[in-house]
Amino acid sequence: MRKQFVKTVENILENNKDVILLLGDIGIFNFRKSFKDFPDRVYNIGILEQSTIGMAAGLATCNLIPIVHTIAPFLIERSLEQLKLDFCYQKLGGNFVSVGASYDYAALGCSHHCPGDIGELMNLPEMEIIIPGTAKEFDILFNQSYDNGHPTYYRLSENSNNFDFPVKFGKAKIIKKGKKATIIAVGPLLDKVIEACKNLDVTILYYTTIYPFDKNTLKNNCESGKIFLCEPYYEGQLVAEIIKTLKPKPITIDFIGVPCKFLRKYGTAKEHDKSINLTIKNIETRIKKLIYG
Amino acid sequence: MKKDITELKKIIVKSSHESKEGHIPSTLSILDILWVLYNKIIKINPNKPKDIYRDIFILSKGHASLGLYSILANKNFFSFSEFKNFGKFGSILGGHPDRNKIPGIEASTGSLGHGLPLAIGIALGLKIKKLKNKVFVIIGDGECNEGTIWESSLLASHHNLSNLTCIIDHNHSTDRALKIDNLSTKFKSFGWETITINGHNHEEIYNALSQKHNKKPMMIIAETIKGNGIKIMENNPEWHHKSPNSDELKLILEKIT
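Protein sequence lines correspond, in order, to chains A and B.
Using the working numbering, you'd call the opening residue of the first sequence number 1 and step up by one each time.
Using the working numbering, you'd call the opening residue of the second sequence number 1 and step up by one each time.
Calculated directly from the structure, the hints in this document are not laboratory data.
Heads up, a few of these hints could be off.
Okay, derived cross-link-like pairs now, BS3-like style, lysine-lysine, Cα gap no bigger than 27 Å in a straight line [to be verified]:
1. A:91 - B:101
2. B:20 - B:10
3. B:212 - B:129
4. A:91 - B:75
5. B:129 - A:17
6. B:130 - A:36
7. B:130 - A:91
8. B:127 - B:84
With the sequences and hints as input, model every part of the structure.
If you want it as structure tokens, here you go:
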């Protein structure tokens, strides 16, 4: 996804003279062509995330379109108030593209993990949240939304699904239809969900846009009233949104994701998946439990 | 200009009295600066508040909003009648300014340390667009406790933002918390041109705001008095966020200068 991010932004810089790229001292080598081609629109701002977001908001007031890129915890958690006040409250458009996801930088420890980003951003009114499942999907979603005048977060991940879907900003995709339950898969968890459900009579809905949340697709595809939510960040973030969407229909809901605790081991993202039981086998077991009790 | 500066001070005090809201001393420490800035320096047109060629002013210490509101009303951005609603539920005028509600307000501020990075982004944006507009921002000395002031100061000098002027309202609010020593030396070492003035002397304010700074951003350290013009408030921390009662109001209006 990271390579695609470079390609996508290179292309946009070429075609839209209002786009400004601000890098938090990462991706400098990858963007070397853009630095050369657009020296007045591509900046290595440095390691000062709060001021970078504030500065980006200032650029947005000049009708420019900022893209800010750095590692997830620094982009979101260090600069949360700037995102809240400078962008969301002031109703300014900007793009915030992170790498690292929940624990892609597993070996670097908790300072570089960011499973809390989505829950934190869901508490910022006006913020749009996009979690692509593949590089191609990032390209589609970014092109559809980067200049829409809203603050938008794009969460890149090292972990990608095997197949690209023709995703659309703000719309969930129906992957398959079934009767026993509705499974919601977010971004790069889709592959695991498809595999876990291969012998189950369930509906799978694929969400790559979290906010604005596509209520209609869920409303129209939840006959069973049983919902299983699979999220690649802190578990259960979308539960309230699902309940609000379906009320007053009585529902049974269960969820899986990253538990809210510090993951103090190092190693790889796969090892962390296993240690928190975010596995195909466990997803299947939990869905069966939801369906059959 | 319809009203003189003393009349504006009276409107500020009365609004605070009626609404039981507002930071009067912090407002009065910057009112002379705003007066000179809006009457002599910045190019703006109340009939075209979003004109792309306008100069930009950001009040980073947004709690001094009453001062900016009084100046903007005097420049006909909106009516003085709005002051009777200051701080009320449906008012456009809140305790901190809102760019989406009030004509002439360029940034919604309140949490300290946000206005300078915003101003720097605007200054850079104007430079990218090859526009000649100037950007002005007022920050507080207490606000200089915030890390973003120093982060973004590096950005401003690194990017040679000569279209940016920042004014520090050095009313010594910070003295009760964190010693800040010599602001001029500090900002010079961060790559800014600096000048220190009496922030209540209109000629000094004008000269500083007019000074050319072709390569670097300009930092004006304005030595000011919190509550300037109201003796019972001057440098008295009790009044930081206090509104006068009826007796105090009467006394203030009689003696205000």
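Hint by hint, here is what the structure shows:
About 12 Å separates the Cα atoms of residue 91 (chain A) and residue 101 (chain B), which keeps this hinted pair within 27 Å; it holds. Under the criterion of a C-alpha separation no larger than 27 Å, the hint pairing residue 20 (chain B) with residue 10 (chain B) is consistent with the structure, at around 15 Å. The suggested pairing of residue 212 (chain B) with residue 129 (chain B) holds, with an alpha-carbon distance near 21 Å, which does not exceed 27 Å. With a C-alpha separation of about 26 Å, the suggested pairing of residue 91 (chain A) with residue 75 (chain B) holds against the 27 Å cut-off.
Taken as a hint, the residue 129 (chain B) and residue 17 (chain A) pair is honoured in the structure, with Cα atoms around 10 Å apart against an allowance of 27 Å. Of the pairs offered as hints, the one joining residue 130 (chain B) and residue 36 (chain A) holds, with about 19 Å between alpha carbons and a cut-off of 27 Å not exceeded. As the CA atoms of residue 130 (chain B) and residue 91 (chain A) are separated by approximately 25 Å, the hinted pair is consistent with the 27 Å bound. Taking the CA atoms of residue 127 (chain B) and residue 84 (chain B), the gap is about 40 Å. The hint is violated against a cut of 27 Å.
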